[in-house]
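Q: Sequence:
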Amino acid sequence: MKVGVEIGGTFTDLVCIDETGVRLTKVPSTPREPDRGVFDAIAAAGIPLDGMADLAHGSTVATNAVLERKGSRLALLTTEGFRDVLQLRRQDREQLFDIFYRKPDPLVPRYDTLEVPERTVSDGGIARDLDMAVFGPVLARFLDEGQHGAVAICLLNSFANPAHERAIADWLAEHRPGLPVTCSVDVTREFREYERTSTATLAAYVQPVLDAYLRRIEARLAEGGFAGRFSMMQSNGGRVPAAAIRRNAVTALLSGPAAGVTGAIRQAALSGHRDIITLDIGGTSADVCLVQDGRPELTREARVDTLPVLMPMVDITTIGAGGGSLVWVDDGGLLRVGPRSAGADPGPACYGRGGTQPTLTDAHVICGRLPSDAKLAGALPLDAGAARKAYEPLAAELGMSVETLADSAIQIAVANIVSAIRLVSTSRGRDPRDYALVPFGGAGPLHAAAVAEALAIDTVVVPPNAGVISAYGLLAADYSLYDSLTRRTALDVGAPEAVRATLEEMLSGLHRRADAISLGADRHPEAVLEMRYVGQAFEIPVPLDLGGLATLTTEALLDAFAAEHRRIYRLGAVGQVRPVEIVSYRVGLHVPHGTVPSLAEIAGPPLTVPETAATIFDGGRDRPARRMARAAIGADPVAGPLALQDLTAMVYVPEGWTAATDPSGNLILRRGA
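Each residue of the sequence shown is one higher than the last, beginning at 1 in the UniProt record's numbering.
Since the hints were made in silico from the structure, they are not lab data. A hint or two may mislead.
Pairs of lysine to any residue, SDA-like flavour, derived with a Cα cap of 25 Å [stated by the list, open to error]: (1) K70 <-> P346; (2) K2 <-> L270; (3) K2 <-> G46; (4) K2 <-> P606; (5) K2 <-> P605; (6) K389 <-> L335; (7) K103 <-> D315; (8) K103 <-> R90; (9) K70 <-> G149; (10) K103 <-> D305; (11) K2 <-> I47; (12) K389 <-> E403.
Since the structure is predicted, the reported quantities are computational estimates derived from the model, not experimental observations.
Build the full structure now, drawing on both the sequences and the hints.
A: Following this line, the structure appears as structure tokens:
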């Protein structure tokens, strides 16, 4: 029995795969005790803890610790002269035209930062030795006075030579046993001091929080006789055993959204769609990601609460357009949707838990896309009267009907989602018309056709039981390990040998890590070179075919760089304007977890809903529609408007679109068919 549990902002989703097929469960999330939500879902599914062979988990615990500043007091040790690196940040502004803009506070204030008398230069040489006999007593007094709960060590150029970081960590292990210590070289081995220091402090900040969270789960599992493998999703789209993620907790920052992308890729591929744009709309946010040839875009730098994280992560753009996003009017009188959210407690007004503010889910209930007699999470009824009551004050203020206001809120949310998709597509040289849109999450299929229409996308692929795709993705994900290293390499005659030596060194390290956590022998490596013209400030990622590593030439490296440069910047064939260099190396090692059945293979009968006539308010007017079970749609296209219901999500098929089910169980929506 394999079980995946993903904690979302509103619901906790569970997918169980055993010999009988696929079983699904949704329960309300418990934000104050997220680990309780895991066991609530397992109990609701009737799964004995000692019956699970594999438990995969995705959670926003690490992200929430940063957003809510719930971690313990953190000490930062940095090279003498670099005490203010977190305060100085970069010179860019998050709010360009806000005259009151202030840079967000870093995780570590200046008074909790201690300078270390040492200096390592960029090639790894030691310009000033570290004397722990002298520095040790200074460090001891600093920690005693601050009562710090964790320590981050990030010394200048330690990616080239970590000797001084290791010496401090060894001293702390001897003199402060039990104090969590994070060395930057164990988190990321890339240059750029601010980004590297930010990543190291984030890792140190969330490590005690995630460690305590995982220990609580493991203790409950042990009490129930669990003897299987417990793993957790990483931000890069792969998972690792829970024991491994403790040593680099920052890799779990975006584990939930990454799982959704992985599940969508697997399910869409069954229908032959490998170039897709994923749209995950849950209770608090909308996440979009571009996938090319079955591989999600990875970014080497992401941001959490404006703080940079320097490591490979699935390139997901997030906006506040989830089902619980609040609808409000700004100081200029403009209608807005999000980013604030009603969350899981109290949630949207229609949930009947005491919510009184208008949300996007309430708008769908008012407009008839979510029928008032539908039940979410298997049992949660919808209160249409409460939804209308939440919208009435705002409608009166704006002088419009409740239906018009709700429809306007949905249109604004769609426009915001379209803008987010353009950021990951047209802004990066990709035409969204070349991709299929794959919506999931509880609200994704409600918005998908309107989003596709705005982007001139002709095909929407709605996975079966789209509301639990993230939990499904946990089970579909491979085990993955990544490493990165800044090592500047000029593309001259000696470059191929230097590239081979560096990649072999890094891959050997990954294999040792894989051996230490008992990953399987079927391992698939990959490599990306971060390259640029000499003198440029930033690099572009250039994938490298490891199959041709033995015969690699300088010309092949130059050609690969030129091809990627042309693809990104659309410059056509241009001559080499200046020398090219490799700045950093990134390698990955993937261990396939095996095949998982389609989400269409549900154990038990599909949901049955009698076909009825319905009225849906869309585009400023009432439209006659049909409401039916999604399972009633067969291979022959059925024209919208349709409101289709399955076990975990509603699908809205507007006028001008058709819906048909393909052999893989995916619902295919086509525009103008």
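Q: With reference to the structure, classify each hint as holding or not holding.
A: Structure-based check of all given hints:
Our distance criterion of 25 Å between C-alpha atoms is met by K70 and P346, whose separation comes to about 21 Å. The suggested pairing of K2 with L270 holds, with an alpha-carbon distance near 21 Å, which does not exceed 25 Å. Distance hint between K2 and G46 is fulfilled; the C-alpha atoms sit about 14 Å from each other, no more than 25 Å. Restraint check for K2 and P606: the C-alpha separation of about 21 Å stays at or below 25 Å, so the hint holds.
Using a Cα cut-off of 25 Å, the hinted pair K2 and P605 holds, with the two alpha carbons roughly 21 Å apart. With a CA separation close to 18 Å, the supplied pair K389 and L335 stays within the 25 Å bound. About 24 Å separates the Cα atoms of K103 and D315, which keeps this hinted pair within 25 Å; it holds. For the hint linking K103 to R90, the alpha-carbon distance of about 10 Å falls within 25 Å, and the restraint holds.
Taking the CA atoms of K70 and G149, the gap is near 12 Å; set against the 25 Å cutoff, the hint holds. A C-alpha spacing of about 11 Å is found between K103 and D305, which places the hinted pair at or below 25 Å, so the restraint holds. Note on K2 and I47: the hinted pairing holds, with a Cα-Cα distance of about 10 Å set against a maximum of 25 Å. In summary, the hint linking K389 to E403 is supported, as the alpha carbons are separated by about 12 Å, within the 25 Å threshold.
Checked against the numbered hints given earlier, this structure breaks none of them.
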